[in-house]
Structures are given as structure tokens and as C-alpha cells.
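Novice: Got chain P; can you put chain A on it based on the hints?
Protein chains: 2
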Amino acid sequence: MKLYGFWRSLATYRVKVALGLKGMKVDEVSIDLLKGMQHQADFKAVNPQAVVPVLILDEGGPPLFQSMAIMEYLEETRPQPAILPKDPAGRARVRGLALIAAADGHPLVTPRIRGYMEKELKLDEPTRNKWLSHWTLEALKAIEGHLKEKETGKFCHGDSPTMADICLCGQVVGATAYFKCDVSSVPTAMRIYEECMKIDAFSKPHPMKQPGAQAH
Amino acid sequence: MKLYGFWRSLATYRVKVALGLKGMKVDEVSIDLLKGMQHQADFKAVNPQAVVPVLILDEGGPPLFQSMAIMEYLEETRPQPAILPKDPAGRARVRGLALIAAADGHPLVTPRIRGYMEKELKLDEPTRNKWLSHWTLEALKAIEGHLKEKETGKFCHGDSPTMADICLCGQVVGATAYFKCDVSSVPTAMRIYEECMKIDAFSKPHPMKQPGAQAH
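Each protein sequence line maps, in turn, to chains P and A. Using my numbering, the letters of the first sequence map in sequence onto residues 1 to 216. Using my numbering, the letters of the second sequence map in sequence onto residues 1 to 216.
Isolated chain P, as found in the complex:
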């Protein structure tokens, strides 16, 4: 398997955690988003949307795109260990929590948005940083609101990690390592993040531990 990704990409991080939890190995190909490599023709032939991650399967078939869709594919084809609960209501809750990060939070802070804010809107750096920090924390606060529910356990949903934890951790990486959010308002999210970081599948692919981060 081959994963097109980038050390700083939180969506890439999600897929790497899911692969790790399922004990799968991949070859990584770095697409440097900060240098705009995603817009080169050879990568756009792989993914016309010009974003990472993209997973190329050993079993053939078209490239897989969108981190949530990739995680669902992994779950359907390699069910153990599961990253979704068995019951439909539990699956809906886990997917809902995951989507708060993956759909409502993260798309607001991607390179294309940062570029538009700088080049089209001519917003200065403090204003851009405030946006990045604000929306990253808003998503975490929305998740925190749901973590008061009785289904929350050691992790977001019960006592084993799910897609919700994977997306939560990506969001916390953004909040803490990139955008310097004050995370004091999301203690349950932070407790779960710390719990996840005890697991190699979560901690080893942490963006700040990747070679690209060291070189940056």
C-alpha cells in the first residue's frame, strides 16, 4: 500500500493512526503542501482535488480519497480491531463526533484556506492566526459538549479507541502544536487525547515527531 500524505496534514495523521491500529504497513509518499506540490499534474492525476491523503491499495482499484472514507474502507475490509462500535446508534455517535472535527473544524484551517485569507482577503498574520485558533477550538468545544454523554468512557465512546478518538486527536494536535489554543475549556477532550497518546498507533505518527517537522 502507498499513502500520499504530508507530515503536517491532520487528515493524513488520521489515516496513519487507523492503519496503525489495524496493524497495517504502508509506504509513504510526501506531497509537500507548504510548497504547493499538491497542484502538480502528476499528483492531480492521482487525486483531481489536489489534497492529501490518498491511499493506493495493494488489492488494486482506484485511489481512495477523503480521510473519513478511507477509514470506513479500512474498517469494512479489515474489521479487527474495530474502530467503530457494533450498534448503529453508537456508530452514529462516533461518526458524528469524528465529523465535528473532520468536517466542521479542520476544513477551516487547511492550506487552501490560509492561502485565500492571506492572498485574496489580505488579512494580516494575527487576524489569520486568530481565525485558525478560533475554529480549531470551536470544534473541540463542540466535541467536549458531547463528551458529557454517558457513552463516553476511557475514550470518546466506551473503552476502546474509535474513529472519534482518531479525529479528536488530529484536532488536538492542531490546537496544541499548530495554533496555540487555550485548551482549558476542553478537559475531557484533553484527557482522552492523553489516553490515546499512550498507544503507539496514535503517538508514533504524531505530526511533530515526523522527519518533516524536525526539518521545518
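What the hints contain is simulated information worked out from the structure, not anything from laboratory work. Remember, it's a predicted structure, so these values are computed and weren't measured experimentally. Among the hints, a few may not be true.
Copies of one chain are not kept apart here, so a pair can be met inside one copy or by any two copies together.
In silico BS3-like pairs for lysine-lysine, Cα to Cα no more than 27 Å straight-line [said to hold, decoys possible]: (1) Lys180 / Lys119; (2) Lys22 / Lys86; (3) Lys122 / Lys198; (4) Lys86 / Lys209; (5) Lys198 / Lys154; (6) Lys119 / Lys25; (7) Lys86 / Lys122; (8) Lys35 / Lys130; (9) Lys130 / Lys119; (10) Lys204 / Lys122; (11) Lys122 / Lys180; (12) Lys44 / Lys2; (13) Lys141 / Lys44; (14) Lys44 / Lys154; (15) Lys2 / Lys150; (16) Lys148 / Lys44; (17) Lys148 / Lys25; (18) Lys150 / Lys209; (19) Lys141 / Lys2; (20) Lys141 / Lys119; (21) Lys44 / Lys119; (22) Lys141 / Lys35; (23) Lys180 / Lys86; (24) Lys86 / Lys154.
Specialist: Only chain A this time, still in chain P's reference frame:
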């Protein structure tokens, strides 16, 4: 069943189409997003994120949130007619296409973003409209890129409607009815939208046909 939604909400529209395709009836409760009703305490008790849609099930259990998670729940509990293909690679493609709209496109144009652009960033109306139009069309162009793939048929994936078509149609409603995009660069997306609109489940809940739109 009870659906908290709003006539103008594209995420609410998605869920209504999915319910319609599966022949399900719901009672609708309008949460006026333009008047900020989503921030009232009684609704935040239903959904702490203060967004719609939220689906309350007859079978009990916690409120379902996030349109993609709600559609997955409906698919798991009422499998016929299916809104996902059977094969994992096809399911991944459909979910990926759906997420381009639901995750990468739509979150950039929601009321909370429009409010922040106006009140925090003090951007004038033409600048805000340009943002809304730009990102709505960008998502459609990304989907259009994938629609060149051989899996595309009468609909986004083969010849029956899926979650991808549902999310595509919401995105086209945004592009055409709300943000006045020039959609000439996305002919396949528009062809599929027109095909979907021949189906009652897609056309009846169209936002512009709702009582709220008439009154607006």
C-alpha cells in the same frame, strides 16, 4: 421521528432526501438559523454544537447529529433502497465524493462562518459573497474532476442515487440558489443534479420550495 432543521440548511436538505429515498416520514421542527435560534438553551440541550440537522428516533436513543452520520445510520437500519453501493471500493468512492461537499465545501459557507466574516473580520458584502461563491464552486469542481472516472453513470456512481448524489445536490443548491456561481465548469455535476431533480425525494425537499423560502 422528529427532525430539527431549517429550510435553508443544506445539511438538513441532505437528511430529508435520504429519508425520502427510504420512504420515511418525519415531523419537522424549524430552528431559524438566520434568527440565531440554534443558540437557545432548549435546542442546545438537544445538540450542544448548536447546529442542525438533528434526528430524534422513534426507537429511542440519543439524538443523531451530523448529516453524514445520520445518513449512515439510516442506511444501516433501513438498508433498502440502498444509498451506498455494496462493494467497499464503491462505498469509499461514494463517501469520498459526498465528503468533498459535506466536509470540504459546505462548512465554509455556514451561518457561523458568514457571521464571523461580517462581525469579526469586518469584510464587506461583495468580499463575503466572493468567498461563498468561490468555495462552493471549488467543491463542485473537485467532484467534477472525479466524475470523469468510469464508475460515473446516470448518477455519481452507477445508475441509482447514493449519498454522493445527495451531497452533490445540496452543493448545487448552494451554487445556484444561494451564491450565484457560474456553474459552466461543472457540466457533469449539473447533468446529475437535473437527473436527481426528476425524483420526488430530491425535488420535494428542495430548499427553495419550502414555506420558509417563500416567506423569506
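Novice: Would you mind marking each hint as holding or not holding in the structure?
Specialist: Each hint, compared with the structure:
no., hint, result
1, Lys180 / Lys119, "both (23 Å within a copy, 23 Å between copies)"
2, Lys22 / Lys86, "both (17 Å within a copy, 22 Å between copies)"
3, Lys122 / Lys198, "neither (42 Å within a copy, 43 Å between copies)"
4, Lys86 / Lys209, "neither (33 Å within a copy, 38 Å between copies)"
5, Lys198 / Lys154, "within (12 Å within a copy, 48 Å between copies)"
6, Lys119 / Lys25, "neither (39 Å within a copy, 47 Å between copies)"
7, Lys86 / Lys122, "neither (48 Å within a copy, 47 Å between copies)"
8, Lys35 / Lys130, "both (23 Å within a copy, 26 Å between copies)"
9, Lys130 / Lys119, "both (17 Å within a copy, 14 Å between copies)"
10, Lys204 / Lys122, "neither (37 Å within a copy, 42 Å between copies)"
11, Lys122 / Lys180, "both (22 Å within a copy, 24 Å between copies)"
12, Lys44 / Lys2, "within (16 Å within a copy, 43 Å between copies)"
13, Lys141 / Lys44, "between (35 Å within a copy, 13 Å between copies)"
14, Lys44 / Lys154, "between (41 Å within a copy, 25 Å between copies)"
15, Lys2 / Lys150, "between (39 Å within a copy, 22 Å between copies)"
16, Lys148 / Lys44, "between (42 Å within a copy, 13 Å between copies)"
17, Lys148 / Lys25, "neither (35 Å within a copy, 31 Å between copies)"
18, Lys150 / Lys209, "neither (34 Å within a copy, 39 Å between copies)"
19, Lys141 / Lys2, "between (34 Å within a copy, 26 Å between copies)"
20, Lys141 / Lys119, "between (29 Å within a copy, 21 Å between copies)"
21, Lys44 / Lys119, "within (23 Å within a copy, 37 Å between copies)"
22, Lys141 / Lys35, "between (32 Å within a copy, 22 Å between copies)"
23, Lys180 / Lys86, "neither (36 Å within a copy, 43 Å between copies)"
24, Lys86 / Lys154, "within (17 Å within a copy, 34 Å between copies)"
Comparing the model with each earlier hint shows violations of hints 3, 4, 6, 7, 10, 17, 18, 23; every other hint is respected.
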